[in-house]
Amino acid sequence: GAGVSQSPRYKVAKRGQDVALRCDPISGHVSLFWYQQALGQGPEFLTYFQNEAQLDKSGLPSDRFFAERPEGSVSTLKIQRTQQEDSAVYLCASSLAYGFGEKLFFGSGTQLSVL
Amino acid sequence: TQLLEQSPQFLSIQEGENLTVYCNSSSVFSSLQWYRQEPGEGPVLLVTVVTGGEVKKLKRLTFQFGDARKDSSLHITAAQPGDTGLYLCAGDSNYQLIWGAGTKLIIKP
Numbered sequence: 028g029a030g031v032s033q034s035p036r037y038k039v040a041k042r043g044q045d046v047a048l049r050c051d052p053i054s055g056h057v058s059l060f061w062y063q064q065a066l067g068q069g070p071e072f073l074t075y076f077q078n079e080a081q082l083d084k085s086g087l088p089s090d091r092f093f094a095e096r097p098e099g100s101v102s103t104l105k106i107q108r109t110q111q112e113d114s115a116v117y118l119c120a121s122s123l124a125y126g127f128g129e130k131l132f133f134g135s136g137t138q139l140s141v142l
Numbered sequence: 053t054q055l056l057e058q059s060p061q062f063l064s065i066q067e068g069e070n071l072t073v074y075c076n077s078s079s080v081f082s083s084l085q086w087y088r089q090e091p092g093e094g095p096v097l098l099v100t101v102v103t104g105g106e107v108k109k110l111k112r113l114t115f116q117f118g119d120a121r122k123d124s125s126l127h128i129t130a131a132q133p134g135d136t137g138l139y140l141c142a143g144d145s146n147y148q149l150i151w152g153a154g155t156k157l158i159i160k161p
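Same order as they appear, the protein sequences are chains A and B.
The opening residue of the first sequence carries number 28 in my numbering; numbering runs sequentially from there.
The opening residue of the second sequence carries number 53 in my numbering; numbering runs sequentially from there.
Only chain A is shown next, with the shape it has when bound in the complex (with noise of 0.2 angstroms):
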């Protein structure tokens, strides 16, 4: 596609759901972000993948956050047990290679509502 596409725009969760949040990036970029990003703040590092390889996943607030990549375009990004502090904007983006000053081209978003 032309840019990076999130799926869904909107999510709408009870407390204790599991969600599973979609990412296709830019056809040929290696590298992919999920970023976090409160209503008023600045986007929060979740975790990186290079191709399929997971190489960062330090951001991530707890062991019911999960992403993958299974071969090396598509990613998702799954939250178990959902909590209200889970509520945000879900942010992701890819890049065409690996390393400093690298142009990085954002989705749309999902905003995650937990309930």
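Note that these hints are calculated values from the structure, not bench results.
Idealized CB from N, CA, C, for every residue including glycine.
Warning: the hint list may mix true and false statements.
As the list claims (entries may be wrong) - Taking lysine-lysine and the DSSO-like style, the derived pairs with C-alpha atoms no more than 30 angstroms apart in a straight line are: (1) B:Lys-111 x B:Lys-160; (2) B:Lys-122 x B:Lys-111; (3) A:Lys-105 x A:Lys-84; (4) A:Lys-84 x A:Lys-38; (5) A:Lys-130 x B:Lys-111; (6) B:Lys-156 x B:Lys-109; (7) A:Lys-130 x A:Lys-38; (8) A:Lys-41 x A:Lys-130; (9) B:Lys-108 x A:Lys-130; (10) A:Lys-105 x A:Lys-41; (11) B:Lys-122 x B:Lys-156; (12) B:Lys-122 x A:Lys-130; (13) A:Lys-130 x B:Lys-109; (14) B:Lys-156 x A:Lys-130; (15) B:Lys-122 x A:Lys-84; (16) A:Lys-130 x A:Lys-105; (17) B:Lys-109 x B:Lys-160; (18) A:Lys-38 x B:Lys-156; (19) B:Lys-108 x B:Lys-122; (20) A:Lys-41 x A:Lys-84.
Unchecked claim - Sample of chain A residues facing chain B (criterion: CB under 8 angstroms; computed from the structure): (21) Gln-68; (22) Pro-70; (23) Phe-72; (24) Leu-118; (25) Lys-130; (26) Leu-131; (27) Phe-133; (28) Gly-134; (29) Ser-135.
Could you slot chain B onto chain A? The hints should help.
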């Protein structure tokens, strides 16, 4: 812990005025990026500055990287309603970006 502080947090001005927003840190970054984010969308890259003291211009926007590569500023000349948005700076730390909280800018017609 590396932190980027942006100021002001919020700015509302009239169309045609000039403004400057700031991004400061006690840490040195190899590069610094500025993004604009509109409601319901992801951030969009405006510019990357790499060299200390570097100045880059993008139409009415002027970006400057501090000599010590710890801070940056964004100056907008003759602001227009289309400049409204959340301006975020992000410093490059290995492959991660360290993000500021943003300056929410509103330009009133």
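Verification of the supplied hints:
Restraint check for Lys-111 (chain B) and Lys-160 (chain B): satisfied, since their Cα atoms lie roughly 20 angstroms apart, inside the 30 angstroms limit. At roughly 24 angstroms between alpha-carbon atoms, Lys-122 (chain B) and Lys-111 (chain B) fall within 30 angstroms of each other, so this suggested pair holds. Under the criterion of a C-alpha separation no larger than 30 angstroms, the hint pairing Lys-105 (chain A) with Lys-84 (chain A) is consistent with the structure, at around 13 angstroms. As the CA atoms of Lys-84 (chain A) and Lys-38 (chain A) are separated by approximately 23 angstroms, the hinted pair is consistent with the 30 angstroms bound.
Between Lys-130 (chain A) and Lys-111 (chain B), the direct Cα distance comes to roughly 20 angstroms. Compliance with the 30 angstroms bound is thereby established for this hinted pair. Taken as a hint, the Lys-156 (chain B) and Lys-109 (chain B) pair is honoured in the structure, with Cα atoms around 21 angstroms apart against an allowance of 30 angstroms. A C-alpha spacing of about 28 angstroms is found between Lys-130 (chain A) and Lys-38 (chain A), which places the hinted pair at or below 30 angstroms, so the restraint holds. Proposed proximity of Lys-41 (chain A) and Lys-130 (chain A) is contradicted: the alpha carbons are some 36 angstroms apart, above 30 angstroms.
Proximity of Lys-108 (chain B) to Lys-130 (chain A) is assessed by CA-CA distance (about 16 angstroms); at most 30 angstroms being required, the pair is judged to hold. Proposed proximity of Lys-105 (chain A) and Lys-41 (chain A) is supported: the alpha carbons are some 15 angstroms apart, at most 30 angstroms. As the CA atoms of Lys-122 (chain B) and Lys-156 (chain B) are separated by approximately 22 angstroms, the hinted pair is consistent with the 30 angstroms bound. A hinted pair counts as satisfied when its Cα atoms are at most 30 angstroms apart, and Lys-122 (chain B) with Lys-130 (chain A) qualifies at roughly 20 angstroms.
In summary, the hint linking Lys-130 (chain A) to Lys-109 (chain B) is supported, as the alpha carbons are separated by about 18 angstroms, within the 30 angstroms threshold. The hinted pair formed by Lys-156 (chain B) and Lys-130 (chain A) meets the criterion: a straight-line CA distance of about 22 angstroms does not exceed 30 angstroms. Between Lys-122 (chain B) and Lys-84 (chain A) the alpha-carbon distance is near 26 angstroms, which keeps this suggested pair within the 30 angstroms criterion. Between Lys-130 (chain A) and Lys-105 (chain A) the CA atoms are separated by roughly 26 angstroms; this keeps the pair inside 30 angstroms, and the hint holds.
With a CA separation close to 23 angstroms, the supplied pair Lys-109 (chain B) and Lys-160 (chain B) stays within the 30 angstroms bound. Between the alpha carbons of Lys-38 (chain A) and Lys-156 (chain B) the distance comes to roughly 25 angstroms, so the proposed pair stays at or under 30 angstroms and holds. For the hint pairing Lys-108 (chain B) with Lys-122 (chain B), the CA-to-CA distance comes to about 16 angstroms; that is within 30 angstroms, so the pair holds. Between Lys-41 (chain A) and Lys-84 (chain A), the direct Cα distance comes to roughly 26 angstroms. Compliance with the 30 angstroms bound is thereby established for this hinted pair.
The interface hint given for Gln-68 (chain A) holds, since its Cβ lies 5 angstroms from the closest Cβ of chain B, which is under the 8 angstroms cut-off. For Pro-70 (chain A), the suggested interface contact is upheld, since its CB lies about 5 angstroms from the closest CB of chain B, less than 8 angstroms. Look at Phe-72 (chain A): its Cβ gets to within about 5 angstroms of chain B, closer than 8 angstroms, so that hint holds up. Hint status for Leu-118 (chain A) relative to chain B: holds, with the closest Cβ pair at about 5 angstroms, below 8 angstroms.
About 6 angstroms separates the beta-carbon of Lys-130 (chain A) from the nearest beta-carbon of chain B, less than 8 angstroms, and the hint is met. A cut of 8 angstroms between beta carbons decides the hint on Leu-131 (chain A): the least distance to chain B is about 6 angstroms, and the hint holds. Taken as an interface hint, Phe-133 (chain A) checks out: its beta carbon lies about 3 angstroms from the nearest beta carbon of chain B, inside 8 angstroms. Restraint check, Gly-134 (chain A) versus chain B: the minimum CB separation of about 5 angstroms is within 8 angstroms; hint holds.
At about 5 angstroms, the closest approach between the beta carbon of Ser-135 (chain A) and any beta carbon in chain B falls short of 8 angstroms, and the interface hint on this residue holds.
In this structure, only the earlier hint numbered 8 is contradicted, and the remaining ones agree with it.
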